[in-house]
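Asker: Listed below, chain by chain, are the residues.
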Amino acid sequence: MNTSDSCFGSWVIRFRWLIIPATFLLVFVAASGTRLLSFSTDYRVFFSEDNPQLVAFETLQNTYTKNDNVMFAVEPKDGRVFTRETLAVVEEITGASWKIPYSIRVDSVSNFQYTWADGDDLVVQDLVKNAAGLTDAQLKKIQAVALAEPLMLNRLITRKSDITGVNVTINRPQKSITETPEVVTFVRAMRDEFQKKYPDINIYLTGVVFMDNAFNEAGEGDMKSLVPVMYGIVLIVMAFSLRTFWGTFTTILIMAFSILTGMGLAGWSGIRLTPISANAPTIILTLAVADSIHVLVTLFYEMRNGKPKYEAIRESLRVNHQPVFITSLTTAIGFLSLNFSDSPPFRDLGNIVATGVMVAYVYSVFFLPAMMAVLPLRVKATSSSQNGFIDALGDWVIRRRDLLFWGMIIIIAALAVQIPRNVIDEKFNEYFDTRYQFRIDNDYVEEHLTGFESIEYSLNAGESGGISNPEYLKTLEAFTDWYRQQPRVMYVGTLTDTLKRLNKNMHGDDESFYRLPEERDLAAQYLLLYELSLPFGLDLNNQINIDKSSTRFTAVLESVSTDETFHLENSAQEWLRKNAPPEMASHGASPLIMFSHIAKRNIDSMMKGTAFALLLISAILVVVLRSFKLGIISTIPNMVPMIMTFGIWGWAVGEVGLAVSVVAPVALGIIVDDTVHFLSKYRRARLELGKSSEEAVRYSFHTVGTALFLTSVILVCGFLVLTFSGFRMNAQLGFMTTISILCALAADFLFLPALLMKLAGTPARKKNYSEGESLT
Amino acid sequence: MKRMIYILSIAMFFNASPSAAETPEEKGLAIAKEDDRRDNGFKNFTADMVMILKNRQGEESSRHIRNKTLEVEGDGDKSLSIFDRPRDVKGTSLLNFTHKVGADDQWLYLPALKRVKRISSANKSGSFMGSTFAYEDVTSQEVEKYTYKWIRDEEHKGEKCFVFERYPVYENSGYTRQVVWLDQQDYKILQIEFYDRKNALLKTLTQSGFKQYLDKYWYPAAMYMENHQTGKSTLLTWSDYKFQTGLSDKNFNKNSLKRAR
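Taken in sequence, the protein lines are chains L and C.
Counting along the first sequence from 1, when you hit position 375 you're at 375 in our numbering, and nothing is skipped either side.
Counting along the second sequence from 1, when you hit position 50 you're at 50 in our numbering, and nothing is skipped either side.
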């Protein structure tokens, strides 16, 4: 192996003029794929095509109509919605909203189809028409009707009548990624225009379309803001550690090449970027720089020691080729195990980063030495004695091994018991922090008007036309009543309210008939009558399926935790089991339900992913270290940081979601590098140099301690940069990986040596007690 | 040779627009008037219709309706629709007086309530019985309900057609415009595209299976309406056309509505 690596070095030097242009060509071809990259503008990308909750929701939407929406919340500054001025604005917005691209329905207080009886006439009309000309008495009447209408209260109007909503249903064909921005641009222009025309009114914008757009903005924002920051950090670190212009220059090139290749190949393979996969450049940058640093540090070290350049290049490749390959491979395996994830953006992230990491390895052992062979390198004779601190640390660890061993075990155990405090909570509308207008507006609308989250059911009556069956309607009414009493439920949209109103209208608006019709044919005929009198876009197709065998039931909720969501949905299931016929059983479906399940589904699948990565990585270590025992021992320092990280998270944060679920394998692939370096030096000292376990630990500290410390600093910087993302998942991923890298450093420096010495069972126990003895 | 093509093309040009002074709007109106003229004089007819509704999920459902139509001189037609299926609405009947201008008059007899209810609503743009047809699509088409603009002539499914646009006069219409393909020989409407309020393509109606009745009137046997936005569709088939069956005004009033079977 050594000779072949030495030959490899000579080979690289000989073909340097071939390698350099070949690399440029390769990068150019791969990078041309980046023009194919685009950002996804649909929250559905977080779900695989066969995700059962997505399938259920799609089925529901295909049965009725889609319910992606844009919501205008109109807030008059005088706090009174039911004035001529405000209602006129609502009427105008309602009318203009039909022009929004892909809009299929507009609901507001003004176009609510108000039904009433005039003798034997059934009158169906817009609740507000020509608002500017209404009398005070009419305004009062309108307010009374709106507040008494369960289909409007807490959805389109508040009890205080201080804010009102115009809800636009948007049906994007999902054929082009420009659809979402098209809607958003149109609606924002509309808002600006109305805001300018009516300064006495505040308008807030929310809805699924705006959330989708925020995903797009977040991904692009992160790429534009975080990547340059990361480049800056890397430059600073390199300036301190390498102190070479051409070395730094080439490293920067390699990082850019790695990113371009990774992202370009993603483009070629048709991956659509999300805020998650948009992190790939930052992560590739963080991981790729270590390879170059390893190669360059040795190269310059050798040159400083007087070796000629080509000799130094050969030596550097001889020493570093294998570790750089192994650490790249393990890191890639960690990221590739994201393919176990149920959520495609994480698979994309894993594949892009794995590609980037592997090409970084290739560039670092071909392009980098070839460039170094070509470029003029000058070396200042500097005495680098940074090792003083690391050597002292090694001595201290050896001296205090018992204390460290048991102390670390206690700390690990103490953290391990905190792990169960991690509770799944996935609040998808809080993915975005307040630097995004969507979050600000949505928070305001949630607090003052209506909820963003909902649960929907398609309740089957079991037979064609069965929704008119009085038994079915009674059950539906009871379910509605039950649902409305549940905590955090703001609004329930259901057919029974419409039927009760129609029954009253059919009996001369007699309040005592505000109840369900008692005959099946009567209910069906009311519906027929009502359907015949509804205007364009406001029909019942969004509530009743075409066979009239099932209805849609929508509950709008205040901001809820995942736990509360599951509790509510489980209670609903139980209620249906107890009180409804079996054919009416239905699971809730909605984005809320989808996001609530995905964290759990992903945690389950990522457990498998982590086990896969751990097994594969351990097997690689067994081969590399040529020792089954060391390979097994290596799993301990690899697992310990995970336990510590999730313990710290459970103690400090306690909420885990989709992002946190992928941390384990990602971090594993990264932190295993420390173990590889430490154990390979330990093994070399024990077997090749015949040292005792203590001596071997000291040797390991001396040879790789500084490098481990340095690469950890870079990794920590890189992942800390992610915590500045405005997208919560990225911030969490960055923060948790940072913790795990620090824990890994602690485990490799403080626990692994003590463990190795314990297992080796050294006879030199008394050395522990001889204080102040020189160990060098 | 060149000269001949030149002459030919001039001839064709004049053939396409017989009067150079006629604007596209005038031509459109002229086509609509001619269409209306050809449709006049049938007096009355009855026919049965079946609608088969389909949603994006692939579910199907059907509606069965019997129709009676009476031609009214100088105003829109009167029609009586008797619902046979779904079972729950059996016997429900709808009496409709179309007017050339203004809202239609509509009464519905609800057998379960044993009462006739007048529907007082300006709305006729909503879905007809949950289908992709709007009421305004199936009600009698009067010249005055639209303004017109001829667009071009083209071959459509092997027949030479006028292609013209018509713009609803009715202010609550769900459409900004409709593009109509009308065959030039028999004035059969082969296809209509409906554009919604934001002028996006909403639906396409395709009519087929035309038959000639009374040696004069062409009626389709199938009308297929596809909603491009929601993925829903409806196939409406006509059968058992009977003309001049002796219907008169007295078959089309509130009392006859109750008795309609």
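Hints listed in this document are in silico derivations from the structure and should not be mistaken for laboratory results.
Hints should not be assumed to be uniformly reliable.
20 Å max Cα-Cα, derived EDC-like pairs, lysine to aspartate or glutamate [said to hold, decoys possible]: (1) C:Lys114 / L:Asp509; (2) C:Lys254 / L:Asp118; (3) C:Lys198 / L:Glu179; (4) L:Lys99 / C:Glu171; (5) C:Lys211 / C:Asp186; (6) L:Lys175 / C:Asp75; (7) C:Lys254 / L:Asp121; (8) C:Lys216 / C:Glu34; (9) C:Lys198 / L:Asp509; (10) C:Lys198 / L:Glu92; (11) C:Lys114 / L:Glu518; (12) C:Lys258 / L:Glu179.
So the derived label-pair ranges between C-beta atoms look like this [stated by the list, open to error]: (13) L:Glu430 / C:Glu154: 49 to 59 Å; (14) L:His567 / C:Gln57: 27 to 37 Å; (15) C:Asn172 / L:Glu518: 32 to 42 Å; (16) L:His507 / C:Glu59: 25 to 35 Å.
Among chain C residues calculated to face chain L with C-beta under 10 Å, some are [stated by the list, open to error]: (17) Leu94; (18) Ser127; (19) Thr230.
Even for Gly, the Cβ is constructed at its ideal location relative to N, Cα and C.
Asker: Give a verdict on every hint.
Answerer: Against the structure, the hints:
no., hint, result
1, C:Lys114 / L:Asp509, "holds (18 Å)"
2, C:Lys254 / L:Asp118, "holds (17 Å)"
3, C:Lys198 / L:Glu179, "holds (15 Å)"
4, L:Lys99 / C:Glu171, "holds (15 Å)"
5, C:Lys211 / C:Asp186, "holds (11 Å)"
6, L:Lys175 / C:Asp75, "violated (46 Å)"
7, C:Lys254 / L:Asp121, "holds (13 Å)"
8, C:Lys216 / C:Glu34, "holds (14 Å)"
9, C:Lys198 / L:Asp509, "violated (37 Å)"
10, C:Lys198 / L:Glu92, "holds (15 Å)"
11, C:Lys114 / L:Glu518, "holds (15 Å)"
12, C:Lys258 / L:Glu179, "violated (51 Å)"
13, L:Glu430 / C:Glu154: 49 to 59 Å, "holds (55 Å)"
14, L:His567 / C:Gln57: 27 to 37 Å, "holds (30 Å)"
15, C:Asn172 / L:Glu518: 32 to 42 Å, "holds (34 Å)"
16, L:His507 / C:Glu59: 25 to 35 Å, "holds (34 Å)"
17, Leu94, "holds (7 Å)"
18, Ser127, "holds (4 Å)"
19, Thr230, "holds (6 Å)"
Hint compliance for this structure: hints 6, 9 and 12 are not met, and every other hint is.
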